[in-house]
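Numbering follows the UniProt record's numbering, with no gaps: position 181 of the sequence shown is 181.
Treat the hints with care, since some could be wrong.
Claimed, not checked - Here are the computed lysine-lysine pairs in the DSBU-like style, where the Cα-Cα straight-line distance is at most 35 Å:
hint, residue 1, residue 2
1, Lys51, Lys267
2, Lys190, Lys87
3, Lys189, Lys278
4, Lys85, Lys189
5, Lys65, Lys178
6, Lys213, Lys51
7, Lys74, Lys178
8, Lys178, Lys87
9, Lys267, Lys278
Said to hold, decoys possible - With beta-carbon atoms standing in for the labels, derived distance ranges:
hint, residue 1, residue 2, range
10, Arg280, Arg208, 32 to 38 Å
11, Lys218, Gln136, 33 to 39 Å
12, Asn36, Ala134, 32 to 38 Å
Just so you know, the hints here were simulated from the structure itself, not pulled from any lab data. As the structure is a prediction and not an experimental result, all values here were calculated from the model. A virtual CB, placed ideally from N, CA and C, is assigned to each residue, including glycine.
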Amino acid sequence: MALLFSYSEKLTSYYSTILVLIIIVGVWAGEASAGNFYQEVDVTWGDGRGKIIENGNLITLSLDKASGSGFQSKKQYLYGRFDMKIKLVPGNSAGTVTAYYLRSEGSSWDEIDFEFLGNVSGQPYIVHTNIYVAGQGNREQQFYLWFDPTADFHTYSFLWNPARIVFYVDGRPIREFKNMEANGAPYPKKQPMRVYASLWNGEDWATRGGLVKTDWTKAPFTASFRDYKPNGCVWTNAASWCCQNSAPWLSEALDSGNQKMLRWVQKNYMIYNYCTDKKRFPQGLPKECTVPTTKPK
Numbered sequence: 001m002a003l004l005f006s007y008s009e010k011l012t013s014y015y016s017t018i019l020v021l022i023i024i025v026g027v028w029a030g031e032a033s034a035g036n037f038y039q040e041v042d043v044t045w046g047d048g049r050g051k052i053i054e055n056g057n058l059i060t061l062s063l064d065k066a067s068g069s070g071f072q073s074k075k076q077y078l079y080g081r082f083d084m085k086i087k088l089v090p091g092n093s094a095g096t097v098t099a100y101y102l103r104s105e106g107s108s109w110d111e112i113d114f115e116f117l118g119n120v121s122g123q124p125y126i127v128h129t130n131i132y133v134a135g136q137g138n139r140e141q142q143f144y145l146w147f148d149p150t151a152d153f154h155t156y157s158f159l160w161n162p163a164r165i166v167f168y169v170d171g172r173p174i175r176e177f178k179n180m181e182a183n184g185a186p187y188p189k190k191q192p193m194r195v196y197a198s199l200w201n202g203e204d205w206a207t208r209g210g211l212v213k214t215d216w217t218k219a220p221f222t223a224s225f226r227d228y229k230p231n232g233c234v235w236t237n238a239a240s241w242c243c244q245n246s247a248p249w250l251s252e253a254l255d256s257g258n259q260k261m262l263r264w265v266q267k268n269y270m271i272y273n274y275c276t277d278k279k280r281f282p283q284g285l286p287k288e289c290t291v292p293t294t295k296p297k
């Protein structure tokens with residue numbers, strides 16, 4: 001009996017040790033996958049100009065006269081909340097475009113864009129936003145920022161659910177695009193998208209409509225990315241599923257405080273809104289620019 005008891009104690013100790021190791025490994029893996037760029041994204045172009053560093057916690061993208069660079073998420077998503085901290089190109093960044101966006105594949109793609117248009121030193125960045133549905137864009141809104149986006153990292157976020165798309169800067173909503181299918185307006189809801197980021201040469205249009213060109217003596221230009229937090233319905237085997245309890249953003253809407261914040265940003269920092277550009281749409285504004293007659297399905 002003494003021998004049996006000793007053996008049982010050793011066996012219990014052995015399995016306890018294994019369980020502790022499993023827990024430790026599981027916790028470590030969970031921490032590593034939470035925003036770790038090695039596990040979440042692939043650097044897809046730039047011939048070495050895109051670099052994952054600091055143990056997977058930071059990506060730098062660079063641009064010179066020969067090429068820019070970019071990365072994309074390994075996973076595709078149908079709906080989600082996506083956060084990224086970005087520090088933009090400092091100094092004279094005229095002609096450069098730093099992009100952070102969601103996009104589906106194919107010739108009839110959906111897309112949700114943040115594009116940060118560079119500037120001559122001392123002038124503010126323009127935040128260019130756009131939404132494509134089935135390959136059709138022309139839904140631009142542009143803003144100035146209320147801080148220097150090159151001095152430190154700031155969080156830029158997309159909320160995309162069946163009822164709305166919201167663009168956030170440091171948790172503050174700057175744009176809301178509602179599902180207006182009840183009015184006959186298209187809305188991105190069928191095509192899964194990846195998360196992308198890139199730094200590229202847009203001197204033909206980015207700064208004052210292309211009047212200010214890139215000063216290549218300042219190259220290479222560099223933008224930095226960290227704290228990537230994808231919370232989305234992962235697209236797997238041609239299907240996407242999320243439990244409402246684990247994905248509260250599926251039904252998230254702007255409360256009264258956020259609506260007030262949105263109005264403040266648009267009043268003070270919006271510099272272009274396609275929904276008010278009647279010269280551009282002489283036949284009438286796009287259908288999503290009008291008040292819906294019924295709630296979206």
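Hint check results:
1. Lys51 <-> Lys267: 38 Å, violated
2. Lys190 <-> Lys87: 32 Å, holds
3. Lys189 <-> Lys278: Holds, because 28 Å separates the two Cα atoms, which is no more than 35 Å.
4. Lys85 <-> Lys189: Holds: Lys85 and Lys189 sit about 26 Å apart, inside 35 Å.
5. Lys65 <-> Lys178: 39 Å, violated
6. Lys213 <-> Lys51: 26 Å, holds
7. Lys74 <-> Lys178: Roughly 28 Å separates the two Cα atoms, so the pair holds.
8. Lys178 <-> Lys87: Roughly 29 Å between the alpha carbons, so the hint for Lys178 and Lys87 holds.
9. Lys267 <-> Lys278: 19 Å, holds
10. Arg280 <-> Arg208: 32 to 38 Å: Since the Cβ atoms of Arg280 and Arg208 sit about 19 Å apart, the hinted range of 32 to 38 Å is violated.
11. Lys218 <-> Gln136: 33 to 39 Å: 36 Å, holds
12. Asn36 <-> Ala134: 32 to 38 Å: Distance hint for Asn36, Ala134 holds at roughly 34 Å.
Checked against the numbered hints listed earlier, the structure breaks hints 1, 5 and 10; every other hint is satisfied.
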